[in-house]
Amino acid sequence: MLRKADNVSLEHRRGFWTSNGDVIITVGRKRYSIGKFKEQVFLERLAAQMDYPMLITRINGRRYWQFQNKFYWESEGLKSSEVHALLVMQDQRKRQKIETATRNFALGPAPRIATGRRPIPEDVKVYVLNRDAGSCRACGSTAEIQYDHIIPLAMGGSNNAENLQILCGPCNRSKSAGLTVRRLRRPG
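Mind the numbering: the sequence shown is residues 477 to 664 in my numbering, read in order.
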């Protein structure tokens, strides 16, 4: 896809006796001559890239473009119309982000919204742990025990002891956020 190239520059080196000169593109620390152009042609191309992307050259499988004094590269063989569309859409998204941030900032600091999820009270945890004999109500395991909401909080469940059970990690994960009714083992 199209990527910005911050390490690229372009220059025209005018000849000593003529306006013809080498156009040099620098990519990182490497310099490449991309041909001889009259200074006027070079300046016309610089002006044109302000309105529409210009393909500058191909180097090592990458195609370098210039648009609005910024450089980009791609290796997919995009057309100039495709490069233009990508860059204009990118700019529009950036402007929308800025406008949204500006509007939100103008509203002042946002109040913190409570998530609605409250921790299970300690006395309820102790009661449920004792009631379920400290083992999974589905398989009887005592490893990786967890507190499970029979009716999930997201579906209107509560942190009451009647809505809580002890499950081992694998049984709890297999239940997920569903309301699957499990056959519970009988204590003792």
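Worth flagging that the hints you see were computed from the coordinates, not collected in a lab. Predicted, not measured: the structure shown is a model, and the values here were computed from it. Heads up, some of the hints might be wrong.
Stated by the list, open to error - Below 16 Å or equal to it, Euclidean Cα-Cα: the simulated EDC-like pairs (lysine to aspartate or glutamate) are:
no. : residue 1 : residue 2
1   : K601      : D567
2   : K514      : D498
3   : K506      : D527
4   : K546      : D567
5   : K546      : D482
6   : K651      : D624
7   : K546      : D498
8   : K480      : E620
9   : K512      : D498
10  : K514      : E487
11  : K480      : E552
12  : K506      : E520
13  : K601      : E552
14  : K546      : D527
15  : K512      : D482
16  : K480      : E575
Stated by the list, open to error - Okay, the calculated beta carbon distance ranges per label pair:
no. : residue 1 : residue 2 : range
17  : Y603      : R579      : 45 to 51 Å
18  : L605      : D567      : 20 to 26 Å
19  : R579      : D482      : 25 to 31 Å
Built from N, CA and C at the ideal position, the CB exists for glycine as well.
Each hint tested on the structure:
1. Distance check on the hinted pair: K601 and D567 sit about 53 Å apart at the alpha-carbon level, beyond 16 Å; violated.
2. Between K514 and D498 the alpha-carbon distance is near 9 Å, which keeps this suggested pair within the 16 Å criterion.
3. Distance restraint check for K506 and D527: the Cα-Cα separation of roughly 28 Å exceeds the 16 Å cut-off, and the hinted pair is therefore not satisfied.
4. Taking the CA atoms of K546 and D567, the gap is about 13 Å. The hint holds against a cut of 16 Å.
5. For the suggested pair K546 and D482, the alpha carbons sit about 8 Å apart, so the restraint of at most 16 Å is met.
6. The suggested pairing of K651 with D624 holds, with an alpha-carbon distance near 10 Å, which does not exceed 16 Å.
7. Of the supplied pair hints, the one linking K546 and D498 is violated, its CA atoms being roughly 20 Å apart against a limit of 16 Å.
8. For the given pair, K480 sits about 49 Å from E620 by alpha-carbon distance, which is inconsistent with the 16 Å threshold.
9. Between K512 and D498, the direct Cα distance comes to roughly 4 Å. Compliance with the 16 Å bound is thereby established for this hinted pair.
10. Simply put, K514 and E487 have alpha-carbon atoms about 12 Å apart, close enough for the 16 Å limit, and the pair holds.
11. Only pairs whose Cα atoms come within 16 Å are accepted, and K480 paired with E552 is accepted, the gap being roughly 15 Å.
12. Straight-line distance between C-alpha atoms of K506 and E520 comes to about 25 Å, which puts the hinted pair past the 16 Å bound.
13. Among the hinted pairs, K601 with E552 is inconsistent with the structure: their alpha-carbon atoms are about 59 Å apart, more than 16 Å.
14. Taking the CA atoms of K546 and D527, the gap is near 12 Å; set against the 16 Å cutoff, the hint holds.
15. The hinted pair formed by K512 and D482 fails the criterion: a straight-line CA distance of about 24 Å is larger than 16 Å.
16. Of the pairs offered as hints, the one joining K480 and E575 is violated, with about 23 Å between alpha carbons and a cut-off of 16 Å exceeded.
17. The hinted range of 45 to 51 Å is satisfied by Y603 and R579, whose Cβ atoms lie roughly 49 Å apart.
18. Between L605 and D567, the C-beta spacing of about 58 Å breaks the proposed range 20 to 26 Å.
19. For R579 and D482, the Cβ-Cβ distance of about 30 Å falls inside the hinted range of 25 to 31 Å, so the restraint holds.
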